[in-house]
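Asks: Sequence:
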Amino acid sequence: MIGTGSFGHVYLGLNPLTGELLAAKQVELPNNSGSDGRREMMLKALQREIDLLKDLDHENIVRYLGSHRDEQHLNIFLEYVPGGSVASMLVNYGPFQEPLVKSYLRQILLGLEYLHGQGIIHRDIKGGNILVDNRGVIKISDFGVSKRDETEEMMNGNATHRASLQGSVFW
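By this note's numbering, the letter at position 99 of the sequence shown is numbered 611, and the numbering carries on one by one without gaps.
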């Protein structure tokens, strides 16, 4: 296991056809007995995350590779980012020097600019969701609470529901 998230665990995996290492986000689905509403709500949230990820293509956004679902689990396959999160790097290595902070911040802003250009709001930017590869390239991850911007629909009176606030406090 290389990490945990709000919905499940993340494991290091191997694509048996290409040999590529990947991150497999595995979510245990609630069983069908007595929790159909919860199961459906979870599946819809995970499908929204997949729908957002599958169309994204930017150097500073973790790459979606595919998914697989069976009765017990939903597996979402993502680009493996070997450096881990900014949060874990701060714990392991201590405070960053200013040039590194500038580099990371610039890359985070480039990723956010791309997302916003696609009409996507991440809503959970924090150290644990910012990954760093072995070349120092930032990858924004964990789109579990992200959503498409509905500002235009709301201005036109076409929104299907009220906007909600989600994410992590202080980020």
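Quick caveat, the hints were computed from the structure, so don't treat them as lab data.
Ideal Cβ positions, reconstructed from N, Cα and C, are used throughout, including at glycine.
A couple of the hints might just be wrong.
As the list claims (entries may be wrong) - Using C-beta positions, here's what the derived DEER-type ranges look like:
no., residue 1, residue 2, range
1, Leu617, Leu529, 17 to 25 Å
2, Leu622, Ala599, 17 to 25 Å
3, Glu662, Asn604, 18 to 26 Å
4, Pro607, Thr530, 21 to 29 Å
5, Lys638, Glu571, 17 to 25 Å
6, Asp567, Asn587, 38 to 46 Å
7, Gly549, Leu612, 39 to 47 Å
8, Gly596, Leu529, 42 to 50 Å
Asks: A separate judgement is required for each hint: does it hold in the structure or not?
Replies: Against the structure, the hints come out as follows:
Distance hint check for Leu617 and Leu529: the Cβ-Cβ separation is about 37 Å, which falls outside the suggested range of 17 to 25 Å. Against the hinted window of 17 to 25 Å, the Cβ-Cβ separation of Leu622 and Ala599 comes to about 20 Å, which satisfies the hint. Between Glu662 and Asn604 the Cβ separation comes to about 39 Å, which falls outside the hinted range of 18 to 26 Å. A hinted range of 21 to 29 Å is violated for the C-beta pair Pro607 and Thr530, which are about 38 Å apart.
For Lys638 and Glu571, the Cβ-Cβ distance of about 20 Å falls inside the hinted range of 17 to 25 Å, so the restraint holds. A hinted range of 38 to 46 Å for the beta carbons of Asp567 and Asn587 is inconsistent with their spacing of about 19 Å. In this structure, Gly549 and Leu612 meet the distance hint of 39 to 47 Å, their C-beta atoms being roughly 46 Å apart. The beta-carbon spacing between Gly596 and Leu529, approximately 26 Å, falls outside the hinted interval of 42 to 50 Å.
Going through the hint list in order, the structure does not satisfy hints 1, 3, 4, 6 and 8.
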